[in-house]
Amino acid sequence: MNTVQLQPELAAKKQTYQEKILAFFERSEFTRSLKGFDRELKAVGVFSLVANLLMLTPTLYMLQVYDRVMVSQSTLTLIALSMVAIFLFGMMSFSEWIRSRVLVRAGIKLDAILGPKVFNAAFESSLRGSHATPQKALSDLTQLRQFVTGNGIFAVFDAPWSPIYIIVLFMLSPWLGLLALVFAALFVSLALISQSVSQVPQTKAIESAQHDTTFANSKLRNAEIIESLGMLPSLRRRWLGRHHYYLRTNEVAQDINHRLTSASKFFRYCQQSLVLGAGALLVIDGQLTPGAMIAANVLMGRALQPIDMIVASWRGFFTANKAFVDLEALLEKYPERKGLLTPTDSVGDIKLDNLTATAPGRQQPILKSLNVHFPAGSVTAIVGPSGSGKSTMARCLMGIWPETQGTTLLDGEPIQRWDRFALGPYIGYLPQDIELFEGTIAENIARFGPIVPEKVIEATTKAGMHEMILRFSKGYDTPMGEAGGTLSGGQKQRLGLARALYGNPSLVVLDEPNANLDAEGEAALAQAIQGLKVAGKTVFLITHRPQIINVVDQILVLVDGQIKHFGPRDDVIRALQAPATN
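Note that numbering that gives the first Met the number 0 gives residue 510 to position 511 of the sequence shown, counting from 1, and the numbers run on in steps of one.
Calculated directly from the structure, the hints in this document are not laboratory data.
One should not assume that every hint holds.
Claimed, not checked - Dumping the calculated DSS-like pairs for lysine-lysine here, alpha-carbon to alpha-carbon at most 27 Å:
hint, residue 1, residue 2
1, K563, K532
2, K337, K135
3, K332, K321
4, K350, K367
5, K332, K34
6, K563, K350
7, K108, K321
8, K218, K135
Based on the provided sequences and hints, a complete structural model is requested.
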């Protein structure tokens, strides 16, 4: 086959290769984010080229010293060769340093590009009730970044140079080249065996470690109740069961890894000695010079070093690959929200259109085909027995319940279509479980946005907390770490109420806002709701306590996930009392 015939075939192969690369970068949002790293990869490739070429310097230097200087006894030649070698060593070290620096910068760039996307996807996963923990996604990103800046990636860039070193060995002696091929095949086989043997044990070890840590963290966060109720021995026993399983799986994975490492060392030591022995035989037979014998040993080490490093770094390769696959799946399942609506002046009109809420592992829906309209400016109490779906309805009103069919319409649009960051200032939400975050009291109330002192004070005054906050030594600048331990349940609830009221939102949903309040706190709550009512805000009040119902316009009664009564307050109260009077 002549050159003219080969050209179309080579062009077709090149096109196919380019199509495969393009298909890889276009296969998911995650891989599309990696397209911007071509410049860094090219730079690392160029400096790897320079570094690997200059790695021939020790070989050439030995050949010249043994075969020229030792024969000529020329000191001047030795000095000149040594100076050239030192210069080339400096260039080699500089190239390796530059490519390391480029990879470190690439790792930082990778984190900057993917960090926000992974954080958002992890948050979305947690919001939608996924079993995976948000910490795992961030840990996967860290492992991927560490791999990009670690030794394993250097082995990938250096591996293509192994055939070149083997070719040089063939040029010195065909026997040395064949020996190099034999050991290269052994190391490649060891790498393939590593993948086959260690994949399942490594996966089990990683997953069991994550479950072990998650279980321990979730329990230790509730140390007070564990200590109070004497639950520590039972929980410790459960943790030890999980921990022992992790230790067993990790022991199996480590044992396989150590055996493979020992086999790698055995082959490496055999390679070093057998190459030197083969070179000595060739020198005795007159087929090789002493200088070439020493140089061949160095070349053999250079040829097999990347393959050996891949075997040694196999656990890092496997962990990085699993992190890559998991992150790709996460971003594919929870992509960035695009094309969202931005509110200009939300008025808080709410409509539930055939809304059904379900939960995994539950046969019957929690909420069943709710169809109801709440006009803007209405104040509605949602009541009903425990387990009737009141808190689930509150979350559906906020658009945060993960498993729903039907639609929650806010101002005529599905609530999921609104940009939640832009919608946030128009929304006030007080959940049953109050969560105050690390930061100052003012930052918590201002939702960690720009702090407007007037708005903060207005919100805390409505919640009846202003005077209490001023009694702290740092006032509104008190960190929650200091204040949290001294706040009662009612005070935390009122701080949560202040956060919900911050900025005069148009839609306010309060889930059991008076569960921990004393008489003073409940009076402040009633006054706050009355103020929202006068201002024309849409308010939902989920409660078991009848005292607060006097401030609402209408009542919705939920029973077994269905609307049993809905209408003006007095009408619903009469309907509820009617059976008792008959």
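Which of the listed hints are not met by the structure? none
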